[in-house]
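Each chain, written out:
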Amino acid sequence: MFRIEHITKQFSDQFVLQDFSFEIQAGEKIIVSGRSGIGKTTLFRLLLGFEQPDSGKIYFENQLLTEDSVWELRRRVAYVSQDLNIGRGNLHSFFNDTLSLKANIEYKNSSLNELDDLMNSFELADTLLQKNLEELSGGEKQRVAIINALLLKRNIFFLDEITSALDKSLKSKVLDYFLLNPDFTVLSISHDNYLPASAITRTLKLD
Amino acid sequence: MNGAQDLSFFSMVMCGILLLVPLLGIWYFKLGITKELLISTLRMIVQLVLVGFFLEFVFRLNNWLLNSVWFMTMITVAVFSVIKNSDLKVRHFFCPVLLSFILANFFVVLYFNYFIVNLDFILDAKYMIAIGGMILGNSLRANIVGLGDFYKSIRKDEQLYFYKLSLGATRFEALRDFAKRSFVSAMNPTIASMATMGIVSLPGMMTGQILGGSVPLVAIKYQIAIMIAILASTVLSISFSILFTVRYSFYKNGTLKKEIFRAPNP
Chain A
1 MFRIEHITKQ FSDQFVLQDF SFEIQAGEKI IVSGRSGIGK TTLFRLLLGF EQPDSGKIYF
61 ENQLLTEDSV WELRRRVAYV SQDLNIGRGN LHSFFNDTLS LKANIEYKNS SLNELDDLMN
121 SFELADTLLQ KNLEELSGGE KQRVAIINAL LLKRNIFFLD EITSALDKSL KSKVLDYFLL
181 NPDFTVLSIS HDNYLPASAI TRTLKLD
Chain B
1001 MNGAQDLSFF SMVMCGILLL VPLLGIWYFK LGITKELLIS TLRMIVQLVL VGFFLEFVFR
1061 LNNWLLNSVW FMTMITVAVF SVIKNSDLKV RHFFCPVLLS FILANFFVVL YFNYFIVNLD
1121 FILDAKYMIA IGGMILGNSL RANIVGLGDF YKSIRKDEQL YFYKLSLGAT RFEALRDFAK
1181 RSFVSAMNPT IASMATMGIV SLPGMMTGQI LGGSVPLVAI KYQIAIMIAI LASTVLSISF
1241 SILFTVRYSF YKNGTLKKEI FRAPNP
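The listed protein sequences correspond, in order, to chains A and B. Heads up, the final residue of the first sequence is numbered 207 in the working numbering, and it's a clean run with no missing numbers. Heads up, the final residue of the second sequence is numbered 1266 in the working numbering, and it's a clean run with no missing numbers.
Careful, some of the hints might be misleading.
Across the chosen pairs, the derived CB separations fall in these ranges [unchecked claim]:
id : chain 1 : residue 1 : chain 2 : residue 2 : range
1  : B       : 1085      : A       : 102       : 29 to 37 Å
2  : B       : 1176      : A       : 182       : 35 to 43 Å
3  : A       : 96        : B       : 1155      : 43 to 51 Å
4  : A       : 93        : B       : 1252      : 27 to 35 Å
5  : B       : 1072      : A       : 52        : 38 to 46 Å
6  : B       : 1200      : A       : 92        : 33 to 41 Å
Derived by calculation from the structure, the hints in this document are not laboratory data. Each residue gets a CB set at the ideal place from its N, CA and C atoms; glycine is no exception.
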């Protein structure tokens, strides 16, 4: 599904990734690990086209990722960032806005129908829908970002430390949800030791 | 019309004495901006004297071409000021912002002169340059807020912008909220001043007209018209500026070019 070939990325005079190659098959669950600053988030940003590699190539479904073709990838991948600056204002409008984007509009009705169930699954009260994002706690926002990604009905997930603000039981619930679904292709940055026992994962250690 | 009373040489000397108040303030509070104040005052005097003589000439000749050229010059200076004060690079922004300002301000001024004042000669110096100057001055202030904030907020909230792109938003969709907020902050001062107009302040247009001999009832009609014209030119010029500059300010993959800013870091 993804093929990364000899990527090098440097910020000022520090190499973040050097001659890095990797391949991800459909349905795989990849756990990205490594100390902070090693380039885990940069890897996601390269895959999403927010950074350009200094050299090397990335292929998505055998197509070279370019400044033009990255737009298609952004309509196929659901990304949950570790940064919780995801928007402002009323939570229901937030979900509604996501689903009103041209890329997602075809799922709008069906996804909005599932919203209550998703809120329940991740232990968020329905009443939160009337609150503003600014009023939510870090853990609540993190789950909102996860739900927002699931509403997109995509099956490739880039998850950047999505359980950092969650308690133990929620952590396992979230990770089970992603890592045990055979249809999902998951690339997950995580510092957690927890992995569902029956999950088949592969670790990508950056060093 | 009688026109305003002329100010004698003695009046101007008295005016100079009034300048001692800010100067004393600066000295007393050790603000350290004496030099800037004096240079600005000097520049203002020299510029106004030159413009005064020039406008006498322009008004007397009242030639459509000269009037238009002078209005274009005013627009060009305004555009430089907008770009510099928005911390953006003149090289990247001059042409698109100039085009936006020409379209927005010429349209509003000509509309004003033709449909509101019903002038036969819509490029009349008195109207085009005076009314145009007021509209342009306000567009300038609004665009520094509107255009400047638009790009600054994208740079500051880049994560949010990327997040929207990652959800599948087109560049236009991802920028919509940023543009909305810039419009609001650009228009708020004009809307707020409209709400208190006449009570808190007698605006420049009215003051000028009353001193120039118009009756207050005529002056308020002009004031209402000019405030609406200012809002129209503000919305038009910011829309055009954002629309025309966006295509030069982003890479094809949707990320903002950092080299459009004068300061490398926010």
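Hint check:
{"no.": "1", "hint": "B:1085 <-> A:102: 29 to 37 Å", "verdict": "holds, 35 Å"}
{"no.": "2", "hint": "B:1176 <-> A:182: 35 to 43 Å", "verdict": "holds, 37 Å"}
{"no.": "3", "hint": "A:96 <-> B:1155: 43 to 51 Å", "verdict": "violated, 27 Å"}
{"no.": "4", "hint": "A:93 <-> B:1252: 27 to 35 Å", "verdict": "holds, 30 Å"}
{"no.": "5", "hint": "B:1072 <-> A:52: 38 to 46 Å", "verdict": "holds, 40 Å"}
{"no.": "6", "hint": "B:1200 <-> A:92: 33 to 41 Å", "verdict": "holds, 40 Å"}
In summary, the one numbered hint that this structure violates is 3.
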